[in-house]
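Chain by chain, the residues run as shown.
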Amino acid sequence: MTGRAALIAIIVVAAAASLPLVLSSYQVGLATEVLIFGILAMSIDILAGFAGRTSLGHGAIFGVSTYVVVYATAQAGLPPAAAFAAGVLAATLVAMIFGLLAVRTSGSYFLLLTLALGMIVWGICLRWTQITGGENGIRGDVRPAALLNNNSFYWTVLAGTAIVTFAVWRFVRSPFGLTLRGIRDSESRMRSLGYNVPLHLFIGFTASGFFAGIAGALYAMFNNFVSPSTVALAQSVEGVLMMVAGGVGTLFGAFVGAAAIIALENVVSTYTERWQMVLGVTFIVIMIFAPEGIIGKLNAILMRKTR
Amino acid sequence: MLEVRNLHSGYGEAVVVRGVSLDVGAGEIVALLGRNGMGKTTFIRSIMGLTPPTIRSGTILWRGESLVGLRPHDIAGRRIAIVPQGRRLFPSLTVTEHLTMLKSARAKDGWTVDRVFGIFPRLADRRHHRGGQLSGGERGMLAVGRALMIDPELILMDEPSEGLAPVTVQHLEQIIVDLKREGLSILLVEQNLYSALAVADRVYVLETGQVVHQGDARELSQQPDLLFQRLGVQ
Numbered sequence: 001m002t003g004r005a006a007l008i009a010i011i012v013v014a015a016a017a018s019l020p021l022v023l024s025s026y027q028v029g030l031a032t033e034v035l036i037f038g039i040l041a042m043s044i045d046i047l048a049g050f051a052g053r054t055s056l057g058h059g060a061i062f063g064v065s066t067y068v069v070v071y072a073t074a075q076a077g078l079p080p081a082a083a084f085a086a087g088v089l090a091a092t093l094v095a096m097i098f099g100l101l102a103v104r105t106s107g108s109y110f111l112l113l114t115l116a117l118g119m120i121v122w123g124i125c126l127r128w129t130q131i132t133g134g135e136n137g138i139r140g141d142v143r144p145a146a147l148l149n150n151n152s153f154y155w156t157v158l159a160g161t162a163i164v165t166f167a168v169w170r171f172v173r174s175p176f177g178l179t180l181r182g183i184r185d186s187e188s189r190m191r192s193l194g195y196n197v198p199l200h201l202f203i204g205f206t207a208s209g210f211f212a213g214i215a216g217a218l219y220a221m222f223n224n225f226v227s228p229s230t231v232a233l234a235q236s237v238e239g240v241l242m243m244v245a246g247g248v249g250t251l252f253g254a255f256v257g258a259a260a261i262i263a264l265e266n267v268v269s270t271y272t273e274r275w276q277m278v279l280g281v282t283f284i285v286i287m288i289f290a291p292e293g294i295i296g297k298l299n300a301i302l303m304r305k306t307r
Numbered sequence: 308m309l310e311v312r313n314l315h316s317g318y319g320e321a322v323v324v325r326g327v328s329l330d331v332g333a334g335e336i337v338a339l340l341g342r343n344g345m346g347k348t349t350f351i352r353s354i355m356g357l358t359p360p361t362i363r364s365g366t367i368l369w370r371g372e373s374l375v376g377l378r379p380h381d382i383a384g385r386r387i388a389i390v391p392q393g394r395r396l397f398p399s400l401t402v403t404e405h406l407t408m409l410k411s412a413r414a415k416d417g418w419t420v421d422r423v424f425g426i427f428p429r430l431a432d433r434r435h436h437r438g439g440q441l442s443g444g445e446r447g448m449l450a451v452g453r454a455l456m457i458d459p460e461l462i463l464m465d466e467p468s469e470g471l472a473p474v475t476v477q478h479l480e481q482i483i484v485d486l487k488r489e490g491l492s493i494l495l496v497e498q499n500l501y502s503a504l505a506v507a508d509r510v511y512v513l514e515t516g517q518v519v520h521q522g523d524a525r526e527l528s529q530q531p532d533l534l535f536q537r538l539g540v541q
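So the sequences go chain by chain: W and R.
According to this note's numbering, the first sequence holds residues 1 to 307 in order.
According to this note's numbering, the second sequence holds residues 308 to 541 in order.
No false leads were mixed into what you were given.
Computed, partial: chain R to chain W, Cβ under 10 Å: (1) H380; (2) I382; (3) G384; (4) T407; (5) M408.
Covered stretches of chain W (chain R as the covering partner; in silico rule of three or more C-beta atoms under 8 Å from a C-beta of chain R): (6) 181-188; (7) 193-200.
None of these hints come from the bench; they were simulated from the model.
For every residue, glycine included, the Cβ atom is placed at its ideal position computed from N, Cα and C.
Make the full structure from the sequences, and use the hints.
Right under this line is the structure:
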């Protein structure tokens, strides 16, 4: 990491860490949510931005982790750390299954296949009532006692987010990450150079699912509750929208997109019940005037300035 | 090292390569010549396990082991690299990124980024440029450099001189000869006869999917009538 990038990262994390000093407890909760959904959006960006494959199944992978963590603490009585690990593991396994089925497809087929797989997970969560509680979901005191305070939980999530973001950043810049970008540029080229394209995509999908699982496990601790809406298509779509709003292929844009959407949802919904309409219009505006996303647009403006 | 025997390969109903036998020895440069549409690229793709085409019959032995039916990444794993026709770079990756895919920039063994930059200083100047921003000559160099990064023993080159300025072609010829000195085997597919004859040890001439001439490169270059007859050049 160059000195400048490290400096920027430290400043951003320090600024984020000082937020609880100025925000109300409710707003700290929203900031926590931004971080968690930012990780989800970033995990989708690994595939969409670097391998050129947009997944509509990541909400389900995320939600499986949430389900497992809530179930493991509330019903099975596992300690929080073990429940957390079980959730991430379950999400990674689900991602491996999704990956096995989806890596040979691309474009809209990939989109539809991941969507269908996500719907299956949603259907299972809805119908397998003995375990998942069906539509009622499961409630449990997932968050460990030390983190019950909103601020300390926020700081913990922030620390986790910083580590995960660094890991993802390293992952996409590694030689392996470069092969994903090669696949995005041209799958047939990669194949003709002797790369095992499906294997690389499978590993990429699994890694992406692992990170989505971390987000899901944090969400379990944040919400202390899980229901089928956590694994529903809307969750996947929201993750994709956050990533797109922030900027596909920018990684950090995921957090900007998550902040923009969560802020918009909460601010606008205090004024009108039709907040979803406002959200839709905002999206159309972003797509027309900044299809490269907020961070992408800022990058482009900065590049123009420096030239 | 590479022994191809009676290879038939083609697309669907059409058999394009019809019974080609060819050898490449250790540290040898073999040129496969022929006009457009004679089956040269089909032949090279068949060796690399790329589909299409599909291999109908015949054997491809690499160090005594059959390559038929193996997938391209298995073949690359046996240290056979390809410089595909048209270079086929990645438009959004930088020069350095092309080279560091799967082999860390810090790797010390075999071919390293610095070593590639050593033989292609021009690429070092352009290391932060993206594939889409390079000139034809630079693309050619990068395609060769990328192939070297898997530490190959055999490089299949599909018309590396295509569309390049004569001075760049000469540079590339020099590189090919230098690589041979390092002990690499090279199978060079060319339409550019003079470029191929300048570097090759042995030559095969392909016509409608069959070998119509094979022999020493020096001999062929001294037989103008044969050149005219086989390749239509004077």
